[in-house]
Amino acid sequence: MKRLFSIVLLAAFTMISGAAGVFAKTYVFCSEGSPEGFSPAFYTAGTTFDASSRTMFNRLVEFERGSTKIVPALAESWDVSSDSLSYTFHLRKGVKFHTTKNFTPSRDFNADDVVFSMGRQHDKNHPFHKVAGGLAYEYFNGMDMGTIIKSISKVDDYTVRFTLSKPEAPFIANMAMDFASISSAEYADKMKAAGTPEKVDLEPVATGPFQLVQYQKDAVIRYKAHPDYWAGKAKIDTLVFSITPDSSVRFAKLKAGECHSMPYPNPADLDLMRNDPNITLMSKEGLNVGYLAYNTTKKPFDDRRVRKALNMAMDKQAIINSIFQNAGKVAKNPIPPTIWSYNDAIQDDEHDIDAAKKLLADAGFPNGFETDIWAMPVQRPYNPNAKRMAEIIQADWAKVGVKAKIVSFEWGEYLKRSRKGDHQTVLLGWTGDNGDPDNFLYVLLGCAAADNGTNRARWCNKEFDDLLLKAKETSDVAARTKLYEQAQVVFKREAPWATIAHSVVNEPVRKEVVDYRIDPFGGHVFYGVDLK
Amino acid sequence: MSENPASAAPVEKLGQTEFVYIHPFWEFWNYFRSSKGALAGLVFIFAAILVAVFAPFIVPHHPFEQYRDALLVPPVWESGNSSFILGTDDLGRDILSRIIYGTRISLSISLMVVILSLATGVVIGLIAGYFRGMIEMLIMRLMDIMLALPSLLLAIAIVAVLGPSLVNAALAISIVSLPHYVRLTRAATIGEVNRDYVISSRVSGAGVFRIMFITILPNCWAPLIVQSTLGISNAILDLAALGFLGLGAQPPTPEWGTMLSNALQFLQRAWWVVTFPGLIILLSVLAFNLMGDGLRDALDPKLKK
Amino acid sequence: MLIFLLKRVGVVIPTFFGVTILTFFLIHIIPGDPILIRTGERGLSDERYAEMRAEMGLDKPLWKQYVTYITGVFSGDLGKSITTQVPVIDEFFTLFPATIELSVCASILAVSIGIPLGILTAVRRGSFFDYSVMTVSLTGYSMPIFWAAIMLILVFSVNLGWTPVAGRMSAMYWVERVTGFMIIDSFLSEEKGAVLSALRHLILPSIALATIPLAIVSRMTRSAMLEVLNEEYIRTAKAKGLSPFKVIFVHTLRNALIPVITVIGLQVGTLLSGAILTETIFAWPGIGKWMVDSISRRDYFAVQGGILMVATIVIMVNLLVDILYGVINPRIRHR
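The listed protein sequences correspond, in order, to chains G, C and R. 1 is the number of the first residue of the first sequence in the numbering used here; add one for each residue after it. 1 is the number of the first residue of the second sequence in the numbering used here; add one for each residue after it. 1 is the number of the first residue of the third sequence in the numbering used here; add one for each residue after it.
Simulated from the structure, these hints should not be mistaken for lab results. Worth double-checking, as some hints may not be accurate.
Claimed, not checked - Straight-line distance between alpha carbons at most 25 Å, and here's what the computed SDA-like set of lysine to any residue pairs gives:
#1 G:Lys-69 / G:Val-514
#2 G:Lys-101 / G:Lys-299
#3 G:Lys-190 / G:Met-282
#4 G:Lys-420 / R:Ser-170
#5 G:Lys-124 / R:Asp-46
#6 G:Lys-199 / R:Ser-170
#7 R:Lys-7 / C:Ala-70
#8 G:Lys-511 / G:Ser-67
#9 R:Lys-7 / C:Val-193
#10 G:Lys-399 / C:Val-193
#11 G:Lys-69 / G:Gly-528
#12 G:Lys-235 / R:Ile-313
#13 G:Lys-492 / G:Ala-398
#14 G:Lys-217 / R:Val-104
#15 G:Lys-420 / G:Lys-399
#16 G:Lys-420 / R:Ala-54
#17 G:Lys-532 / G:Met-282
#18 G:Lys-224 / R:Ser-170
#19 R:Lys-60 / G:Lys-511
#20 G:Lys-405 / C:Leu-224
#21 R:Lys-7 / R:Arg-297
#22 G:Lys-130 / R:Val-321
#23 G:Lys-299 / G:Lys-462
What the hints assert, rightly or not - Distance ranges between label pairs, derived from CB positions:
#24 C:Phe-57 / R:Phe-17: 49 to 57 Å
#25 G:Thr-297 / C:Phe-64: 50 to 58 Å
#26 R:Gly-10 / G:Gln-214: 40 to 48 Å
#27 R:Lys-60 / G:Asp-189: 34 to 42 Å
#28 G:Lys-299 / C:Phe-64: 39 to 47 Å
#29 C:Trp-221 / R:Gly-76: 44 to 52 Å
#30 R:Phe-25 / G:Ser-151: 46 to 54 Å
#31 C:Phe-54 / R:Ser-112: 43 to 51 Å
#32 C:Ser-165 / R:Arg-177: 49 to 57 Å
For each residue, glycine too, the CB sits at the ideal point set by N, CA and C.
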């Protein structure tokens, strides 16, 4: 009897799995931390976006997987008016929302959802503007979208128009960013009626390729494929984020087959990964720059010759070799080579101690001077170990007589003080948000940024700034490219920074993973990935 | 709590018992010597002190010198370079030299930690044990509060307040280990304060400070010495833990824990960078614990046979 | 007896208040700012910054913030985490079972190995066995726990492949959270093999966390046994010709265990300290790692609330041990 039962059970099991064709495919990603939440509009951390916008949500336009190219997503097409002030999006039809335990969508995605998702961020009187208590729309505000967008209007069920208050060429790239993710307006209405509007952000309903089924803080996030995804159901059935903060431990898990891919490997482990027969090490140049900014408002850094001399004293290749373990490239421009308008014709300052000494002597410092190097206390994508980097720069500068003291503060304090300009030289960097050169040059080196402090060199050069402002006003990419190339020439001549490195993003994946592509923005996208 | 080490020992001599005076130190030494572990610990510590003092003369390389063409060279027996016996780290610095210099830091800072917490703890404990009443209650409640928080967490918070550096880490550890000394001194003081010799000294008009520090304190030293020895080993461990969390000594200081925290990323590629600093921490902590054990056995009359 | 109880409980209340004051002011004088840390390189405008501080109540004078906090504590409200906006108490109870599970396993390991070892070494005092066990135990006590954990992973998980590297459960099993204790939850779930997976994941972190308590328990048992073995009544028992077995297990052990139990109770704080390092390395989703992360994010509410909860537990356990000790050993009561 017992045996019969087990045979029946076995048969039933075979039938079920046979019906499904194959066993359910589970993809495990060893992620580096817990997301702050699942509603992307409130947050700025890549870890949060990996777990929310990039898996569960869609935007009107998106970056093509593995590139910075903008492609249609929830909007099938868009037009820009001749004065560059009005953007009209034509929406995709037949897009289904997720069905969750407390919501079953009654209609497809339409213009109301766009007006709701963007409107709640834009309009301070929107009923959902303040639902999330202490949280605010950090990216929307940070990208200045509140000022850029004048109004958002629904033209018909499948057409939405954004009117801008000034021409802003990077606008369309902004709409592909994570904060512009679209969630269901119908769900919001229903939750409001039920008296639980906060659920909209705690258990969001969206249209993305995966939907959330389980989350345990610091342990695991589990998603299942959205069966009616508009671009076709994902090839993997279950996606699991196994949260593992330590990178050595992540690698150990990958090696042991406990996960299929992992982010942020140790530079030191790269060789091992390359040699492991079960692992493919993928790499791509990241959308970032690590730099050392001279405080140009302080002596002696107000003198261009001093800045140039210190740039020449620096052995950048040594930094790449030991800090990045060759997982980086020497930077000569303030924007990474993956961004359009990168000016490859520019020559980097030669590493030349004698020339540097001579230049310093010309500037009136034949015996050098004393200064400080600020090094951040945390690991960043553009700088895996700032203190080590500072040690190398310190040793290099000592060769031209410049005695530098390494200074560090707690991270928040570091940002605050360097923003106020307390430093003489400071190590920092930037990771691009939307693949637009404006997002590097204007944000980090413009005159407006010198006032608000994100320009750590506190460098305001009229010639440079005018070029950037002009580029903002035209949406013609060719014209903009010319302007930005010119701006990079000015930058190199004036040397407000020592551009140090662009890191290379490395991601090891196991051999059974098919078609994983590294996201240049540093995110992790699993739609389109398959398992052998 | 503890009694004076016996100052006279009976010696059996042909059936008759004769009392021969043995200096307490020699008596203590005889007990201490009988434990092989304690002796081994003492020898190790002595060697470590010598190494620390003469570090500049015995290191094969300067601990900060970066040999940029010799990054992550394995130890000499693993087909390494004979000039780097224990190999080099990711900046091409000689690990052996860094460990040798690290001995200086770990020993001197741990000693500083213990002296600091011992001195403060003794004063506070004496005050609590001598005056009793309200003062004692206040002090002991404060100690309870500190003991209610996991010590590492408290140390992390204190370092966060002061800013991460070697000295601040040492300060944080001293503060965190204070309650042990206070409790110990207070208990010992309470045990002594009503003894005849204290009362007689008080009657003969000795001042409060004289009674506290000159009369009572010397009679409480046995448990304190043991606690201090063990305190050094705890200090080394805590210092390493804080260094490991990036809150202790800052690079390029060759502190052992800091070396480990920087080295962790080489775990699977260059085992020597991780293994040797950890091993040296283990060995020196073990040495102090062995010695502390030996001291306790030798000083605690209850365990004597 | 009642007076003794009241006295002990009375002592706890000021300690509790002291903990709230100490943690509150300690975390607030740490330089740094939760808002700035969160916004990173991007930064934010001064107006927005002021607005956010006001929303979190961080613009009020410190003493007013403390009053808000302490009144919240008494109504069971520890505030919301600045990072996640989830009530701190909820976050705590989401993570706490993981810490408990790990600590309990480590304690079981420490006690079940430590006490027998302590007895054996005491009985065979001075033997080679005694020396080697005591040396090993002292080595365990001297181990930098984070280093030991890393070495364990390297040897057993990476090189030998015997144990999983980190985490609580293989990603292949889907275990619904019921109690938060993975062993129980996996038992309740339909997944076959999940219980085994949960147990396998517990092995290395438990060993790492147990090293120090194991050393303490075995040494404590040994010295307590030795002390009792020297007592008059044991010698009498031996002289009366009772079997050594009976002497050890009936007469000696019962009396020797009192201080041992006290020591085990007092290890709660040590376990939680150790959990900070162990959890970080084994990606164990417990409160130790959460607290350290919260300190580095300057998440005031999470730190205040979390430390208070931890301290309360330590205080309660110590109180319990104290009272139990008083019950067992009447001499203590009258001190």
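Kindly indicate which numbered hints from before are broken by the structure, ordering the numbers from low to high. 2, 3, 4, 6, 7, 10, 12, 15, 19, 20, 21, 22, 25, 28, 32
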